[in-house]
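> The residues making up each chain are set out below.
Number of protein chains: 2
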Amino acid sequence: MNTTNVRRLLFGEPFPTSREAHERLDKIRGLAIFASDPISSNAYATEAIMTVLVVLGAGALKITVPVALAVAALILLVVFSYIQTIFHYPHGGGSYSVAMDNLGRWPALVAGAALLTDYILTVSVSVSAGVRAVTSAFPELTEYKVLMALAAILLITWINMRGIRESGSVFAIPTYAFVAGVFIVIIIGLVRYTGLFGLAPLEPLPYDPAPIPSISSLLMLWILLRAFAGGCTALTGIEAISNGVGAFKRPESRNAAATMVAMGVIAMTLFLGISFLATYIGLVPNEKDSILSQLTRYVTGEGPIYFWVQAFTALILFLAANTGFQDFPRLSSFLARDGFLPRWLQNRGDRLVFSYGILMLASLASLMVLIFRADEIAMLPLYALGVMLAFTLSQSGMVVLMGKVKKLAPDETLDTGITTLHYERHVNLKRAINVVGAIVTGIVFLILVATKFVEGAWVVALIIPLMVFMFDRINKHYKDVANALTTRGLSDRDLRTVSEVVIVPIGDVHKGTLHALQYAKRLSNDVRAVCVVTSPDMHELIMRRWNRFPELTSGVKLNLIDYDFRDILEPLVDYIGDVHDNECPGQLITVVIPEFIAETWPAQWLHNQTADILRNRLRHLPDVVLIDVPFHIAHAVKSQ
Amino acid sequence: MNTTNVRRLLFGEPFPTSREAHERLDKIRGLAIFASDPISSNAYATEAIMTVLVVLGAGALKITVPVALAVAALILLVVFSYIQTIFHYPHGGGSYSVAMDNLGRWPALVAGAALLTDYILTVSVSVSAGVRAVTSAFPELTEYKVLMALAAILLITWINMRGIRESGSVFAIPTYAFVAGVFIVIIIGLVRYTGLFGLAPLEPLPYDPAPIPSISSLLMLWILLRAFAGGCTALTGIEAISNGVGAFKRPESRNAAATMVAMGVIAMTLFLGISFLATYIGLVPNEKDSILSQLTRYVTGEGPIYFWVQAFTALILFLAANTGFQDFPRLSSFLARDGFLPRWLQNRGDRLVFSYGILMLASLASLMVLIFRADEIAMLPLYALGVMLAFTLSQSGMVVLMGKVKKLAPDETLDTGITTLHYERHVNLKRAINVVGAIVTGIVFLILVATKFVEGAWVVALIIPLMVFMFDRINKHYKDVANALTTRGLSDRDLRTVSEVVIVPIGDVHKGTLHALQYAKRLSNDVRAVCVVTSPDMHELIMRRWNRFPELTSGVKLNLIDYDFRDILEPLVDYIGDVHDNECPGQLITVVIPEFIAETWPAQWLHNQTADILRNRLRHLPDVVLIDVPFHIAHAVKSQ
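Top line first, the protein sequences correspond to chains A and B.
Under this note's numbering, the first residue of the first sequence is numbered 63, with each subsequent residue one higher.
Under this note's numbering, the first residue of the second sequence is numbered 63, with each subsequent residue one higher.
If you're looking for bench data, these hints aren't it; they were derived computationally from the structure.
Among the hints, a few may not be true.
Identical copies go unnamed one by one, so any copy, or any two together, can satisfy a pair.
As the list claims (entries may be wrong) - Here are the simulated lysine-lysine pairs, BS3-like style, with alpha carbons at most 25 Å apart: (1) Lys311 with Lys89; (2) Lys573 with Lys541; (3) Lys124 with Lys573; (4) Lys573 with Lys538; (5) Lys583 with Lys573; (6) Lys573 with Lys619; (7) Lys468 with Lys573; (8) Lys207 with Lys311.
Could you put together the complete structure from these sequences and hints?
Here it is, written out as structure tokens:
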């Protein structure tokens, strides 16, 4: 079974390139793929707010609802703003593309670095949170949590390597099951709250009515900002759809926008519903029992609905990781296309997915899981910063874009290079929304940096500039290569001249080396066999064997180099360098390497790897053309 | 800093081959290098006997002395027998060589496999025992014992890579310090036993004089045999010197024999002294406090001598591992020389040591440490079997050899191929010793197999035949190669004919590929450029660029292959195979590969590895000559 068969067994038959459009997503699968991240954050977003407020006492928890409303307003603002982006960039308009098109190279690279960092964290945080949901239920598994997280990443990687539509189908069920479960809890809760339909009315829990301690308004503001920052985890993953417009069926923009709206409405509704009911009942955050679990149990009892919600919470958290697997490979392929990341990141694999991007993400996320021992709480301060920075840059870009649209007369169009702008109505209103969006998300970004800096955000603040620097270096390399390869004004004389010298390093005189000499003699009249000998006995032996084949060796000069060390490649490389520098400087010289080829790797392993090592050393000399004349052992044995 | 510099910094400047004789060992260093294994076994050999006997009650421990005498007699027998081997095989006569020379191929391979297995265990057992000595003193280090054992292997590997004389110097001190320490303990013990010189007389400990339980004589025999088998661990490593005769200064045989006698006398004296005193005092084996430690404390008190002996016990156990590093690489180089292991195992490295053998041993011993979690007790049942099997084969070989010597007249000589035999006196006596040796070690081998089989010896019983099978397969491969390469009766017509077809796979039309085409045009008038195109746009683009260089591309046929999958190498390899099979079957065809070379590996990593992958695929076709025409990016950029 060769590697091709193994690959096909694991990942399925290759798809033809022309099938690409058929692999696209409809809205149902698209929502499941792109929304599992923002929707799953309802498993912890309300709790993130309450955990901050509870330091002021249980009485302060009622502030949860206004903070949640502020977060919900932010979600709405971002969604609305992104819908404009989706329609203006039908080929995919993540923050990177928008910033590149409107703000220029550096802001675009910052947005790209911020998002790539965040996508890696999406995977490691979601998988770790999913593992925690499992180990909460089965504490005896706690010691295996790193292993479980890595296994989950491996499983998600495998599913994604099989291709986008299949992964959509797999992921649809848990996402919709989670949404349905939480909706039922909220509806029952609200019905019991109103006291209608004869259900038992929902009574608030008794609580200690201690007043909120009187603290300075500056400290109060700090706590409110931290609570708000906590709630902002609900926004991670929202921008995914704008990047992935191209993954939708036609008409891409319309399908993507509809999915975005559905996602925003669902995420916001769940978030507000949970926040309102939890505050009304008076639930208190508790490390061992999540707010969502407490709420479900209080509203529906510990019955089938409770277990449904708990099970699908764990599942959707694993699947939220999948959002990263959609976004990271796509964004890195954009950066690769523009020459800021290795070009091969834009190659699609056999199943039309960006295989290298998937594998790179899987490796980096696994590394994060290992470094943080699958502890998502420790990773959270690094998270959400990147997304908010990308929002800010994207919205600012849209402000500039709308400025261009504003100047268009009816029937006039403008090609920006990656999209085409038309005359639009209500431009001023739309632009105002983007201005507000840019300012608000910019402020939120600063809040996140300030409140999370010492807890770990500094790491991200360090990594993003480093990545931007790396992007720039890579770009410079590709520009150098393009300049080196350019054929502009090229003529025959610009190409290198080839010297007549052909050097054949040999280790012995046998059928394999004679074979190579025969090939070399076809190329030139100046063939030189070179052999490094390490003892007088060997010197004599080689000479004797050489003289036995006067016909085959005629016209070939034999150079024997006596050498008293064991690294025989050193004098060989020196000899080749000397010939080049002294006899034909600046010209190409040809080295013919006789090489054994055994058919199996265990057999190959039985031979000195001298030919391989020599080839690798000679590759660093600029003017050497290498010719491998193979001698296939199995073939030679069979033909006798 | 390139790899050569790193290597020199780590392992020192290379030695010239002619220095080999200067790197040889004198007797002082030779004893330290070869004897640390058998001498260090005094740290546990007596205890191994007592641990078995104590199941019959403390009273049975007095049987230790007769069992120890039997083991000592066996040591004497083996040493005496090996001295004959050393003089008859002055170029190194381990069991493998002796068996090969006298018994034939299969017994020799069995001996080789048995010894290689045992040498690996020497390293893993000794290092683990040394770590136990350290963790006994510092129990808080217990959780790092696997890591410590691996670090010790790494350190010993490094010292051995630097060369044989240096490692002799490093290892001399602890070996002699251990021997001196234990000798002092035994001398003080014996002086106090005799009551002379006014020292306090040595009183036996009071003990429970319960009689030895009456058990069946069969069971008693079994227990005695197990006790004897335990004591036989004292014999491991004795054969090392006979293998390493060639490592001694001239006269090799005489120096090696003298060292062997010194080693045997020291090992036997220490072993009998410890066994006698421990039995006289009435010490009882105790898991937490070794017999040697108890004895030293009882005889000399917990003073400086006690700590000296304890410290050097730990050190010599680490160093006993070094014996394996002398033996394994040397024996595997013999097997490689005879074509039973990969040939490169006989290559000496820069510092004249068998670098590959050292690295292979280090890897295998580390693997054992990992599998057994550095628990030497668990490894012991696998140990000592191999040595005893090798003894038996070696002695049997000597019996055959002495039979040949017996037939020689005075002044007559006989060349066996690896040694020269002369007329000798007392041949019958010498031969009788070998006969007794062969029978006794054969019986001991059977005892070891029987008493240790279920505890793990079955693993070795399985591995040795597997290794012999592997040796045989490797030998067959090398014979095939030799037949394939033979130049016997070779003439011009036997070499392959070379077809005119030259194929140049290209990915684009740029300076690099035009460069390669120009080289190809020098070789032949039938040059074909092949390009796999994955879209109609690309098809058109390549055609347009191609037509821009009529002068450079004249005479070259361009084949564009339209392909709807992403694995573009598949149609390329198919095309090359088709051309070969249909147009020039049985002839060599030439493929010219244009290849980017970036100067640094991060830069190389930015490019598709297409050229490398294509080369690896084409290597499996039997009739393809590969030409790499390099295009050095840095060079091209600079020269502009």
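> Tell me, which hint numbers fail for this structure?
Numbers 3, 7 and 8 - these are the hints that the structure violates, sorted from lowest upward.
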